[in-house]
Amino acid sequence: AQTVTQSQPEMSVQEAETVTLSCTYDTSESDYYLFWYKQPPSRQMILVIRQEAYKQQNATENRFSVNFQKAAKSFSLKISDSQLGDTAMYFCAFMNYRGGRDDKIIFGKGTRLHILP
Amino acid sequence: EAGVAQSPRYKIIEKRQSVAFWCNPISGHATLYWYQQILGQGPKLLIQFQNNGVVDDSQLPKDRFSAERLKGVDSTLKIQPAKLEDSAVYLCASSFGRDNEQFFGPGTRLTVL
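Residue numbers (this note's numbering), protein chains in the order written: chain A, 1 to 117; chain B, 1001 to 1113.
There may be inaccurate statements among the hints.
[Claimed, not checked] Restraint ranges, calculated between C-beta atoms of paired labels, are given here: (1) A:ARG63 <-> B:GLN1017: 22 to 28 Å; (2) B:GLU1014 <-> A:GLN69: 44 to 50 Å; (3) A:SER42 <-> B:ALA1020: 22 to 28 Å; (4) B:SER1066 <-> A:THR20: 41 to 47 Å; (5) B:LYS1062 <-> A:ALA71: 38 to 44 Å; (6) B:GLY1097 <-> A:SER42: 24 to 30 Å; (7) B:GLY1003 <-> A:GLN14: 31 to 37 Å; (8) B:GLU1014 <-> A:SER42: 34 to 40 Å.
[Claimed, not checked] Cut-off 27 Å, straight-line C-alpha distance, at most; resulting in silico cross-link-like pairs (DSSO-like, lysine-lysine): (9) B:LYS1011 <-> A:LYS109; (10) A:LYS78 <-> B:LYS1044; (11) A:LYS70 <-> B:LYS1083; (12) A:LYS73 <-> B:LYS1044; (13) B:LYS1044 <-> A:LYS109; (14) B:LYS1062 <-> A:LYS109; (15) B:LYS1083 <-> A:LYS109.
[Claimed, not checked] Computed footprint of chain B on chain A; a stretch qualifies when at least three of its residues, placed anywhere within it, have a C-beta under 8 Å from a C-beta of chain B: (16) 44 to 58; (17) 84 to 97; (18) 108 to 116.
Note that these hints are calculated values from the structure, not bench results.
In this text, all values refer to a predicted model and were calculated from it rather than measured experimentally.
Beta carbons: idealized from backbone N, C-alpha and C, even for Gly.
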């Protein structure tokens, strides 16, 4: 069974600093997606960034980038120039890409990130 | 574009009572998901619909939970009877297809006393 582990339950950084959130996963599959989701205090979850396992290039979205290490099964999120609005719960997630019934998203337990003024 | 709508936003019930949650997905989204998010954990998929058919309900406690998606649009999730451990936020999400981005609703926070 696939698992997603986020080893940092909570982090705090000063505004404008760079922060990296860690995520590791376990799977025997070779084709899959990885995601980072953001859940602000209002609780509406939004997708931050998505990575296809077959792509070697790390995904980036403005201030958000990932470090995808497929062999190490590691998928960290880097937030540059952090802003107060980045304060949220961040979930790392994994999804198989086999077209089967078990192609569900599996979420980690999350990292609560506080951006301090 | 309107997002995923859910109601109610909050619900408090006593154990053994019944409760129902409603979800209206984004227009045109064929795939609809219900997740359970217990405090301090990530969301867990309960059931996934493709149009009005069930794709995956392997993690749905079928002795007490039921869900339907009539006409392939709105969906309801019901719990009958509720237990204390059902206290959680119930999230609905929708996507154009199974490989497309999921858009989440604001969730329904259920407290079972």
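* To do: Give me the numbers of the hints this structure contradicts, sorted from smallest to largest.
  => Of the numbered hints, 1, 8, 11 do not hold.
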